[in-house]
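The listed protein sequences derive, respectively, from chains L and C. Counting from 1, position 185 in the first sequence corresponds to residue 185 in UniProt numbering; the numbering is continuous, with no gaps. Counting from 1, position 174 in the second sequence corresponds to residue 174 in UniProt numbering; the numbering is continuous, with no gaps.
Read the hints as simulated data drawn from the structure, not as lab findings. Think of the CB as a built atom: it goes at the ideal place given N, C-alpha and C, for glycine as much as any other residue. Each hint should be verified, as a subset may be incorrect.
[Claimed, not checked] Within a straight-line C-alpha distance of at most 20 Å, the following computed SDA-like cross-link-like pairs (lysine to any residue) qualify: (1) L:K270 with C:F157; (2) C:K309 with C:K283; (3) L:K112 with C:Y194; (4) L:K186 with C:K309; (5) L:K117 with C:D150; (6) L:K186 with C:Q317; (7) C:K283 with L:F157; (8) L:K283 with C:F157; (9) L:K270 with C:A149; (10) L:K112 with C:K309; (11) C:K186 with L:G48; (12) L:K112 with C:P348; (13) C:K112 with L:E161.
[To be verified] Pulled from the structure, derived: some chain C residues nowhere near chain L, Cβ distances all over 12 Å: (14) K99; (15) L171; (16) Q183; (17) R193; (18) M242.
So the chains spell out like this:
Number of protein chains: 2
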Amino acid sequence: MADSASIPSTPLLKDELDIVIPTIRNLDFLEMWRPYFQPYHLIIVQDGDPSKTIKVPEGFDYELYNRNDINRILGPKASCISFKDSACRCFGYMISKKKYIYTIDDDCFVAKDPSGKEINALEQHIKNLLCPSTPFFFNTLYDPFREGADFVRGYPFSLREGVPTAVSHGLWLNIPDYDAPTQLVKPRERNTRYVDAVLTVPKGTLFPMCGMNLGFNRELIGPAMYFGLMGDGQPIGRYDDMWAGWCTKVICDHLGLGVKTGLPYIWHSKASNPFVNLKKEYKGIFWQEELIPFFQSVVLPKDCTTVQKCYIELSKQVKEKLGKIDPYFDKLADAMVTWIEAWDEHNPSGAAAEKPNGTAK
Amino acid sequence: MADSASIPSTPLLKDELDIVIPTIRNLDFLEMWRPYFQPYHLIIVQDGDPSKTIKVPEGFDYELYNRNDINRILGPKASCISFKDSACRCFGYMISKKKYIYTIDDDCFVAKDPSGKEINALEQHIKNLLCPSTPFFFNTLYDPFREGADFVRGYPFSLREGVPTAVSHGLWLNIPDYDAPTQLVKPRERNTRYVDAVLTVPKGTLFPMCGMNLGFNRELIGPAMYFGLMGDGQPIGRYDDMWAGWCTKVICDHLGLGVKTGLPYIWHSKASNPFVNLKKEYKGIFWQEELIPFFQSVVLPKDCTTVQKCYIELSKQVKEKLGKIDPYFDKLADAMVTWIEAWDEHNPSGAAAEKPNGTAK
């Protein structure tokens, strides 16, 4: 039973946020989230066999898309949406009509803080997204906008206004988000450390963005949240969220937007199979050694003033500089373009991207 | 009474670390630190009236320097050591013969963690300094070298070795380290949030380094830990540690060294007078608006391979680019050179700085 104190009587941004869930199974996990998610609209992206029926607990307001729906809605452009990989979730980001997205995996449950109180993860993400980020200078007391905190001595006053927050990256108690080699080496490691902090990932610094527990402002950064080509027919998996995170961070840095990480925690219930993961990851593990220097050195021209323009430019640089690593990156660069074309078709008022502070739709 | 569990039976680095304390009063505060500090050697830098006698509780092993001592030891070069300001502490860094320094203010007491256990701040600093930093890529589970943590999925393997840690910046419970304007606006704000994290300040990101609770590796970064010209006869105060922090961070980034911040906390007992602070700070508050962009854009040439060379080069750039803000920066640039000259005189085997991983003394 949820602690009623942690459920706001009027859910924040109730009509401005969609919850996107990729899944291959019945969504019983939603029962535990009912007090927190029920006021919101869900977009369920069914992966795998479209003839299977996914059961959603009663009382939730949702729309569900399976592969047939994706193919019908996007036509030939459906090729940019991964199949048999949770990367398919980004289809939900594209067809949402809301300003904010929260996405969560179906093996993630409500965590408790050290006092034993249930954590309303969604509420914390919304708080993170609604207050500014501080990417230009590090604040040693973490997020200066949290209650009981502020900017410390020596923090330049001109930087205290901050910048709009585009991304809120939440963490995981219990099963940490480790790669296959680390899973294999430390099969019993559990994350039990509750770090009571939210902080801005500084400008110019890349981070590994995990898609398990993630919020973002669709109007500010949506078109960059493409989870790439993974799974069926592709040479890698488990790099979908990483790819999206690297692209997103580079574009946020260019456009002066902020990325926060830290709270909230969810309870990650089950480690995926490290042997299966190793097979999905092994190419990514050596490719990323070239991808990181690439993203660290990306420069976007000044005339890239929208997320779409930045993303198209990035796709060109991917083709030019990563294509030589493997033909996969040529294909990925093309898919990046297809993704933006599909995004613009389904979000015709591109004006939203040009006016990040407006409410245009 | 300290919890005996938090006092290691063999104190870490007992013969390799000095504790530097700047003070103008009797050091009764050491009583509370006795279980943690007594095994170590103290360097006490007495500020203000040298004829005053500072009482040190019995049983501590210490050397004490007042202004007369500093003048006698450094001769004309004593001009680079501030008077009537806790910036004088850096004299202690210079004359130490140890590899590591821990410095603490005399209004800082032993804090407790959320379980009520006393925090052995020094032990945590030593742990921070003895394990690597990760400045090139952000790890979302914070310090990957802490027990129960690791690098998360998507963290490049080639970066997991990390780099040597030069600085460990600790935090403060109770009175936060706010500037005068924030103190005036929020006189009752107390820091009660215990954030159980240590993290590396990413490469290219500046941070406000506070000198209240600070550890560093003297061999790796000592000559950059100059606390500038503050206090008596100078136009500003309370920017001593900030100055040292900006210089240190830029040099650490250049030399491939790491800076950690977070744990350990100390209990900061008393807020200084905000009106007095405002008087000391007000020039710094607007100067820092130009200092930060300056430090953000500093480039050190490749042939600056030691901290001393970096620091001399930085002093030139300070003179050239900041001298026009105020003649104070000309004077400061000269003092930076004097500081290095004095450092080298008192640390004749400069070889230590050339071989950061060696044990040369």
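A quick look at each hint next to the structure:
1. L:K270 with C:F157: 24 Å, violated
2. C:K309 with C:K283: 29 Å, violated
3. L:K112 with C:Y194: 17 Å, holds
4. L:K186 with C:K309: 43 Å, violated
5. L:K117 with C:D150: 26 Å, violated
6. L:K186 with C:Q317: Violated, because 48 Å separates the two Cα atoms, which is more than 20 Å.
7. C:K283 with L:F157: Since the Cα atoms of K283 (chain C) and F157 (chain L) sit roughly 13 Å apart, the hinted pair holds (cutoff 20 Å).
8. L:K283 with C:F157: 13 Å, holds
9. L:K270 with C:A149: 17 Å, holds
10. L:K112 with C:K309: 51 Å, violated
11. C:K186 with L:G48: Measuring from Cα to Cα gives roughly 55 Å; hence the hint is violated.
12. L:K112 with C:P348: With a Cα-Cα distance of about 56 Å, the restraint between K112 (chain L) and P348 (chain C) is violated, given a limit of 20 Å.
13. C:K112 with L:E161: 33 Å, violated
14. K99: It holds; K99 (chain C) is separated from chain L by about 25 Å at its closest Cβ, greater than 12 Å.
15. L171: 6 Å, violated
16. Q183: 9 Å, violated
17. R193: R193 (chain C) is in fact no farther than 12 Å from some Cβ atom of chain L, at 6 Å.
18. M242: Violated: least Cβ distance 4 Å, not greater than 12 Å.
Violated hints for the displayed structure, listed by number in ascending order: 1, 2, 4, 5, 6, 10, 11, 12, 13, 15, 16, 17, 18.
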